[in-house]
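Residue numbers (our numbering), protein chains in the order written: chain E, 1 to 427; chain S, 1 to 427.
Everything hinted at is true.
Here are the simulated lysine-lysine pairs, DSS-like style, with alpha carbons at most 30 Å apart: (1) Lys322/S - Lys318/E; (2) Lys180/E - Lys285/S; (3) Lys285/E - Lys24/S; (4) Lys364/S - Lys379/S; (5) Lys30/E - Lys285/S; (6) Lys322/E - Lys2/S; (7) Lys285/E - Lys285/S; (8) Lys322/E - Lys30/S; (9) Lys24/E - Lys340/S; (10) Lys2/E - Lys322/S; (11) Lys333/E - Lys318/S; (12) Lys30/E - Lys318/S; (13) Lys364/E - Lys230/E; (14) Lys318/E - Lys318/S; (15) Lys336/S - Lys24/E; (16) Lys2/S - Lys333/E.
Not close to chain E: a few residues of chain S, all C-beta gaps over 12 Å, as computed: (17) Glu341; (18) Val376; (19) Gln377; (20) Glu405.
Facing chain E, a subset of chain S residues (Cβ under 10 Å, in silico): (21) Glu127; (22) Ala281; (23) Thr304.
Bear in mind the hints are in silico, worked out from the structure with no lab data behind them. No residue lacks a Cβ here, since even glycine has one placed at the ideal position from N, Cα and C.
Number of protein chains: 2
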Amino acid sequence: MKQIRIGLVGVGTVGSGLLQLLEKNREIIKERNNLDVQLVAIATRTPERAKAYTSLPVSNDVISITTRPDVDIVVELIGGTTTAFDVVHSALRHGKTVITANKALLSEKGDELFSQAWKTGVELGFEAAVAGSIPIIRTLRDGLSSCEFEVLCGILNGTTNFILTKMEEENWDYSAALKKAQDLGFAETDPTFDVEGIDAGHKISLLSSLAFREKVPFGDLQVEGISKLKSIDILSSKSLGYRIKLLGISKKTSGGILTKVHPTLVPLNHPLANVMNEFNAVYYKTVESGAGMVTGKGAGALPTASAVLADLIFYASKFGVKDSIIENNIFPKSEKAEEKENAARYYLRFSTLDKPGVLAEIAKVLGKNNISIASVQQKEADKEPVHVIVLTHSATEGDFKKSIEEIDEMSSIIKEKTVAIRLLENL
Amino acid sequence: MKQIRIGLVGVGTVGSGLLQLLEKNREIIKERNNLDVQLVAIATRTPERAKAYTSLPVSNDVISITTRPDVDIVVELIGGTTTAFDVVHSALRHGKTVITANKALLSEKGDELFSQAWKTGVELGFEAAVAGSIPIIRTLRDGLSSCEFEVLCGILNGTTNFILTKMEEENWDYSAALKKAQDLGFAETDPTFDVEGIDAGHKISLLSSLAFREKVPFGDLQVEGISKLKSIDILSSKSLGYRIKLLGISKKTSGGILTKVHPTLVPLNHPLANVMNEFNAVYYKTVESGAGMVTGKGAGALPTASAVLADLIFYASKFGVKDSIIENNIFPKSEKAEEKENAARYYLRFSTLDKPGVLAEIAKVLGKNNISIASVQQKEADKEPVHVIVLTHSATEGDFKKSIEEIDEMSSIIKEKTVAIRLLENL
Numbered sequence: 001m002k003q004i005r006i007g008l009v010g011v012g013t014v015g016s017g018l019l020q021l022l023e024k025n026r027e028i029i030k031e032r033n034n035l036d037v038q039l040v041a042i043a044t045r046t047p048e049r050a051k052a053y054t055s056l057p058v059s060n061d062v063i064s065i066t067t068r069p070d071v072d073i074v075v076e077l078i079g080g081t082t083t084a085f086d087v088v089h090s091a092l093r094h095g096k097t098v099i100t101a102n103k104a105l106l107s108e109k110g111d112e113l114f115s116q117a118w119k120t121g122v123e124l125g126f127e128a129a130v131a132g133s134i135p136i137i138r139t140l141r142d143g144l145s146s147c148e149f150e151v152l153c154g155i156l157n158g159t160t161n162f163i164l165t166k167m168e169e170e171n172w173d174y175s176a177a178l179k180k181a182q183d184l185g186f187a188e189t190d191p192t193f194d195v196e197g198i199d200a201g202h203k204i205s206l207l208s209s210l211a212f213r214e215k216v217p218f219g220d221l222q223v224e225g226i227s228k229l230k231s232i233d234i235l236s237s238k239s240l241g242y243r244i245k246l247l248g249i250s251k252k253t254s255g256g257i258l259t260k261v262h263p264t265l266v267p268l269n270h271p272l273a274n275v276m277n278e279f280n281a282v283y284y285k286t287v288e289s290g291a292g293m294v295t296g297k298g299a300g301a302l303p304t305a306s307a308v309l310a311d312l313i314f315y316a317s318k319f320g321v322k323d324s325i326i327e328n329n330i331f332p333k334s335e336k337a338e339e340k341e342n343a344a345r346y347y348l349r350f351s352t353l354d355k356p357g358v359l360a361e362i363a364k365v366l367g368k369n370n371i372s373i374a375s376v377q378q379k380e381a382d383k384e385p386v387h388v389i390v391l392t393h394s395a396t397e398g399d400f401k402k403s404i405e406e407i408d409e410m411s412s413i414i415k416e417k418t419v420a421i422r423l424l425e426n427l
Numbered sequence: 001m002k003q004i005r006i007g008l009v010g011v012g013t014v015g016s017g018l019l020q021l022l023e024k025n026r027e028i029i030k031e032r033n034n035l036d037v038q039l040v041a042i043a044t045r046t047p048e049r050a051k052a053y054t055s056l057p058v059s060n061d062v063i064s065i066t067t068r069p070d071v072d073i074v075v076e077l078i079g080g081t082t083t084a085f086d087v088v089h090s091a092l093r094h095g096k097t098v099i100t101a102n103k104a105l106l107s108e109k110g111d112e113l114f115s116q117a118w119k120t121g122v123e124l125g126f127e128a129a130v131a132g133s134i135p136i137i138r139t140l141r142d143g144l145s146s147c148e149f150e151v152l153c154g155i156l157n158g159t160t161n162f163i164l165t166k167m168e169e170e171n172w173d174y175s176a177a178l179k180k181a182q183d184l185g186f187a188e189t190d191p192t193f194d195v196e197g198i199d200a201g202h203k204i205s206l207l208s209s210l211a212f213r214e215k216v217p218f219g220d221l222q223v224e225g226i227s228k229l230k231s232i233d234i235l236s237s238k239s240l241g242y243r244i245k246l247l248g249i250s251k252k253t254s255g256g257i258l259t260k261v262h263p264t265l266v267p268l269n270h271p272l273a274n275v276m277n278e279f280n281a282v283y284y285k286t287v288e289s290g291a292g293m294v295t296g297k298g299a300g301a302l303p304t305a306s307a308v309l310a311d312l313i314f315y316a317s318k319f320g321v322k323d324s325i326i327e328n329n330i331f332p333k334s335e336k337a338e339e340k341e342n343a344a345r346y347y348l349r350f351s352t353l354d355k356p357g358v359l360a361e362i363a364k365v366l367g368k369n370n371i372s373i374a375s376v377q378q379k380e381a382d383k384e385p386v387h388v389i390v391l392t393h394s395a396t397e398g399d400f401k402k403s404i405e406e407i408d409e410m411s412s413i414i415k416e417k418t419v420a421i422r423l424l425e426n427l
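From just these sequences and the hints, can you work out the full model?
This is the structure:
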């Protein structure tokens, strides 16, 4: 039986979950995979806390794990992009295969790490970095390896999906839903990464490179979060037949790959519309197989640890195999997609003063900028602002921005900044 | 670059799709996977027809392909369980890795074939045999390899899902929907395999063995199809908050693995309820990661061929690699699940005469057999039979059968055989 020696760095939520699974499933893995996965070293910056989960000695020297000759595979679960970078880079340089759940690290510093892995001839597994328990990395690499992707989009952040679900189901406003998510441990005290779409951006940039084999660096992404959304947007969208989801979207255009994150009005009968609470999902269309979707728990100790363990089993099975194909994560940079390909239909909520002629003024500006109105809703209100909800036909990003800037400056009619949400394109 | 030489046996719907994909994607596969996939031999029982799809010579000697020294991997796409068995068995015996889309063959004669593959040290890939383009085999093998399954169930037959969708959406009866499916090429002239649940049974028995690592032979499955369903069942279910789907279900019980195929009332808000038309889906629950689902096109030339090609890329990448782990598809036979674990809630449609006291008689028999009624619906009817729709609380298979047999014999009140559909258990 093949013996694989693991060094674990980081014993937080996911790390402690992994310790639990290794304990519970070690015999099963022996039997099924002919692999004996042995944990030989653990390091964390707070060893005291880790001792609750393991009887092994716990070191606070996270780098030392990466150089030990008795470690075959290093699992990095400390998070962040500083110490984690040093750990992963050192491990790769010292010929260790590395498994990580760290999307921020890979999205921001992946270039250097993947190059190092390739140079040393080792591998860097990151199934757990995107969409928790959903095996989307192996699905893109192996299951759909024969397919030419047209589009890939997904609900990649469980926190924001939970918040949006609660805003709808409980009729809560954004801050109440955020607080609930924080109370339940779904959201951090500083929720910026999640609610502003940064986390989803890291993830879609990783997935996109695997699907299209071209890289769209995180810095090139257009990223918008959900913090501007109000109850009224959730309700108005629903009455129009849509549900708002924070989507990471990546699609092939005639120029390059267009990748972005923004709240999106998804038709209620679309599979993505029915992915609720902390669940994640990835929806795709390929030339060969048409549409498909995978969904499952996107976060949590055991779901994420199960993805780490699946990676461990996969790479450990290849470990030491002669002539084994090493997965190469180095992709050429995509050309920039042309502006005109970034067109969308828009949901626009204008918050206006309660006076005559407001709609005419708004319509005039939209018309002047080539934006055609598909529908208008204005509900009777007993206090200002009055909300005017407009669905537009397809408009380019440029025309849209110009219109909104112009309208938001019309202080004679506009009371609060306009909220704009794109509709899901024809997927 | 690694060169892999392919022998293709069978050029029907999927075979011609594969020829198309190999042509279109050969350069992409070279670039992405460092593999040159070369088609070197083709055989089919009807060579004339195949010539439309290829400029290579086409032989009618399907066995000869399996012994050629210049063929590394044999792709079997002729279907059926006789000639196909000879082809696959001969190829495996001659040290060829085999890729097949043939679920009937593997479900009925897999034991012998998987043993032969293991004996010769080659592999038998069958991603395309279940759920077309959905990469469920690799998902179970690799993506979820760390998980302990509790249940796996799915919509595994596109024809019946199409028929059920049309019965609901167009308000057609079963035979009209079947005819439409046949006209569109989704159903065979003899639709028995599909509509009686046999095809779904083959597929769930294959998936079940991968998920639970125990084998439930097809012969041990309880299999029920959709041919008894009427429009009224579709409509009544919907008014009760359910949609009828033909599910293959496999679950862990305290005894063994319980595996079965039957029409099932799925709550409308369950992800499986929203998989429509010819789409397939597999829903699962594991101890580690909770619930998840994959969905996509379950049939069709290119979707299925894309799965064959994904298998080709996967096994070709491993081909000739020293010490490579060979996947072993030989699983111990599962114990038989205990009868009492096969309990379900039931939807019962009694077709009765229009006279007083009918409901009382039915209720009496159900009560005597420990079956408790959850709800009753009886619509006013202007002609017989009168349909009485009963939802029960959970009942064992034995109690249920006894009741229905007894009731169906009461010719003083019953006009047609009772239709019974199980409700989706708490998934």
